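A.B. asks: If you read the protein sequences in the order shown, they are chains A and B.
Under this note's numbering, think of the first position of the first sequence as 1, with each following residue one higher.
Under this note's numbering, think of the first position of the second sequence as 115, with each following residue one higher.
Calculated from the structure, these hints are not laboratory results.
Hints may contain errors.
[As the list claims (entries may be wrong)] Just the calculated beta-carbon pair ranges, DEER-fashion:
no., chain 1, residue 1, chain 2, residue 2, range
1, A, 40, B, 126, 35 to 43 Å
2, B, 129, A, 71, 33 to 41 Å
3, A, 54, B, 223, 20 to 28 Å
4, B, 184, A, 84, 41 to 49 Å
5, B, 175, A, 39, 27 to 35 Å
6, A, 18, B, 184, 41 to 49 Å
7, B, 168, A, 84, 41 to 49 Å
8, A, 12, B, 178, 42 to 50 Å
9, A, 10, B, 230, 41 to 49 Å
10, B, 178, A, 97, 18 to 26 Å
11, B, 169, A, 38, 45 to 53 Å
12, B, 122, A, 80, 18 to 26 Å
[Stated by the list, open to error] The list that follows gives simulated cross-link-like pairs (lysine to any residue, SDA-like), each with its CA atoms no further than 20 Å apart:
no., chain 1, residue 1, chain 2, residue 2
13, A, 24, B, 115
14, B, 117, A, 41
15, B, 117, A, 60
16, B, 130, B, 194
17, B, 184, B, 130
18, B, 117, A, 87
Just so we're clear, the structure is a prediction, and the values are computed from it rather than from any experiment.
For glycine and all other residues, C-beta sits at the position ideal for the given N, C-alpha and C.
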Amino acid sequence: DAGVIQSPRHEVTEMGQEVTLRCKPISGHNSLFWYRQTMMRGLELLIYFNNNVPIDDSGMPEDRFSAKMPNASFSTLKIQPSEPRDSAVYFCASSLGGAGDTQYFGPGTRLTVL
Amino acid sequence: AQKITQTQPGMFVQEKEAVTLDCTYDTSDQSYGLFWYKQPSSGEMIFLIYQGSYDEQNATEGRYSLNFQKARKSANLVISASQLGDSAMYFCAMRIRLDTNAGKSTFGDGTTLTVKP
């Protein structure tokens with residue numbers, strides 16, 4: 001079975017540019033999560049969706065960040081405009097949902113904003 | 115608010131020996147789950163083991179076991195017969211309100227485990 005798929009795996013961009021990260025969750029999973037990992041702040045939950053609906057976006061840093069899940073098999077995380085402090089590894093994870101669900105992580109996207 | 119504490123930034127263990135990675139948690143919710151993930155140097159996050167707050171027995175998965183002490187709010191990971199490939203960062207995580215689909219997840223800061231040959 002295919003795991004969580006993220007693209008691109010690496011992204012280097014210049015400050016001010018728009019960045020779009022993509023995620024395809026595991027088929028049949030009802031919940032999708034976006035995380036950011038940095039040395040300074042560790043692993044932070046940015047937003048999560050259940051049945052394509054955003055449940056909690058309180059972890060989204062600021063208005064420059066937005067996330068969408070137009071259908072059960074695709075989600076995007078967009079940063080516009082990007083800043084150097086956005087440099088991090090961004091993980092997408094999915095889970096079946098409900099009690100005791102385990103989150104399965106994608107390989108991550110390493111974002112570098114120059 | 116819920117919190118996960120991993121007090122050991124780094125741990126060393128000799129190959130083939132057992133090692134315990136500590137995790138304590140804080141939540142007022144009665145329904146929650148505790149998870150351990152492994153992150154090797156390649157960067158991916160790998161699920162290892164899960165323990166539910168209502169589970170009476172400690173979870174085990176191969177060489178991994180979870181020492182769950184509910185009264186002390188601890189969920190330590192025990193790795194038996196350590197292998198060189200176990201060298202990685204290990205994260206403890208908690209998800210609350212498991213009886214709904216709105217549960218939040220919280221991760222600890224991680225413990226770096228180094229297995230010596």
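A.B. asks: So which of the earlier hints does this model not fit?
C.D. replies: 1, 2, 8, 9, 11, 12, 13, 17 and 18
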